[in-house]
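Peer 1: Top line first, the protein sequences correspond to chains S and P. Position one of the first sequence corresponds to residue 1 (the UniProt record's numbering), numbered consecutively onward. Position one of the second sequence corresponds to residue 1 (the UniProt record's numbering), numbered consecutively onward.
The list treats identical chains as one, so a pair stands whether inside a single copy or across any two.
With a straight-line cut-off of 30 angstroms between C-alpha atoms, the simulated BS3-like cross-links for lysine-lysine are:
{"#": "1", "residue 1": "LYS107", "residue 2": "LYS44"}
{"#": "2", "residue 1": "LYS108", "residue 2": "LYS33"}
{"#": "3", "residue 1": "LYS33", "residue 2": "LYS124"}
{"#": "4", "residue 1": "LYS124", "residue 2": "LYS107"}
{"#": "5", "residue 1": "LYS124", "residue 2": "LYS108"}
By construction, these hints were calculated from the structure, which means they are not laboratory data.
Take a look at the letters that make up each chain.
Protein chains: 2
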Amino acid sequence: MVKPKRLLSLLLRLIAFGATLAAVIIMATSHEKGSFFALSYEAKYSDTPAFKYFVIANAIVTVYGFLALFIPSESPLRRLVLALDLVFTMLLISSISAALAVAQVGKKGNSSAGWLPVCGQVAKYCNQVTGALVAGFIAIITYIILLLYTIYTFLNSLLGKTPCRLSSPGI
Amino acid sequence: MVKPKRLLSLLLRLIAFGATLAAVIIMATSHEKGSFFALSYEAKYSDTPAFKYFVIANAIVTVYGFLALFIPSESPLRRLVLALDLVFTMLLISSISAALAVAQVGKKGNSSAGWLPVCGQVAKYCNQVTGALVAGFIAIITYIILLLYTIYTFLNSLLGKTPCRLSSPGI
Numbered sequence: 001m002v003k004p005k006r007l008l009s010l011l012l013r014l015i016a017f018g019a020t021l022a023a024v025i026i027m028a029t030s031h032e033k034g035s036f037f038a039l040s041y042e043a044k045y046s047d048t049p050a051f052k053y054f055v056i057a058n059a060i061v062t063v064y065g066f067l068a069l070f071i072p073s074e075s076p077l078r079r080l081v082l083a084l085d086l087v088f089t090m091l092l093i094s095s096i097s098a099a100l101a102v103a104q105v106g107k108k109g110n111s112s113a114g115w116l117p118v119c120g121q122v123a124k125y126c127n128q129v130t131g132a133l134v135a136g137f138i139a140i141i142t143y144i145i146l147l148l149y150t151i152y153t154f155l156n157s158l159l160g161k162t163p164c165r166l167s168s169p170g171i
Numbered sequence: 001m002v003k004p005k006r007l008l009s010l011l012l013r014l015i016a017f018g019a020t021l022a023a024v025i026i027m028a029t030s031h032e033k034g035s036f037f038a039l040s041y042e043a044k045y046s047d048t049p050a051f052k053y054f055v056i057a058n059a060i061v062t063v064y065g066f067l068a069l070f071i072p073s074e075s076p077l078r079r080l081v082l083a084l085d086l087v088f089t090m091l092l093i094s095s096i097s098a099a100l101a102v103a104q105v106g107k108k109g110n111s112s113a114g115w116l117p118v119c120g121q122v123a124k125y126c127n128q129v130t131g132a133l134v135a136g137f138i139a140i141i142t143y144i145i146l147l148l149y150t151i152y153t154f155l156n157s158l159l160g161k162t163p164c165r166l167s168s169p170g171i
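Can you build the whole structure from these sequences, using the hints too?
Peer 2: Okay, structure coming up:
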């Protein structure tokens with residue numbers, strides 16, 4: 001039978017996996033044809049390097065999240081998982097920050113640089129990007145909870161597995 | 001006398017403190033008057049929310065970095081420093097990612113959104129922003145090294161301070 005602690009960890013990993021997968025799919029399928037005065041153009045994520053970075057980062061973490069589901073809790077690989085959780089959380093934070101910064105310019109524009117907001121012309125595209133960012137945000141929150149939980153159990157097991165513990169049961 | 005390990009940690013903290021301080025000063029003083037056709041404008045960091053976020057994040061970490069210099073290595077606050085190092089490294093990564101994403105648009109533009117590159121008109125401003133980003137990058141690298149070093153010494157002290165270690169010296 002699966003222990004409750006392991007079940008919680010599995011549940012968090014499933015949520016994180018689902019969220020990063022959703023972020024990839026929503027962002028990668030976001031495109032809309034818009035027009036600006038006489039100019040017609042197609043807005044798609046791949047035209048913006050920050051959004052491409054977001055998709056690639058979330059895709060990498062999705063693959064990792066899927067593989068991490070199958071590592072048993074007693075495996076020596078758990079220590080590696082702690083380190084990788086940390087690295088991939090940083091990757092997710094970096095990618096969502098970059099995507100958010102460009103999305104903010106897309107929504108509000110930047111008058112001093114002469115960049116006009118585009119969300120008025122391609123509202124559906126903007127909503128889809130917002131959806132992807134929300135999914136990415138859920139993934140980050142889940143990974144931070146997972147990270148805190150893994151550190152907690154890791155420290156506990158480290159303190160519990162001292163080599164002399166069995167030799168001095170009275171202490 | 002200060003121990004070599006403590007000296008290394010202090011040196012890394014000094015570099016990190018200097019780098020975040022430099023990032024704040026360089027970005028906060030970046031402004032240049034440019035003209036685009038007949039239009040004259042002033043480019044400054046405070047017009048771009050991502051750059052403001054970069055300055056605020058680096059300023060917060062500068063204050064923290066200064067305070068962390070004075071925490072003795074035996075203090076119980078060291079555990080808090082480990083947690084805060086982690087949180088502030090994530091903050092720095094987030095802020096530099098956002099700033100980089102917008103700086104990239106400033107340098108290359110985004111043709112599909114109709115955003116023209118501005119670095120041709122305000123080259124000095126762009127160079128200064130690049131300098132701030134480089135300083136921010138050095139700060140992040142230093143904090144990651146510090147983090148790895150703190151985790152290493154923290155785990156070592158944790159394993160060394162097990163209550164039964166002295167009671168069974170033969171093992």
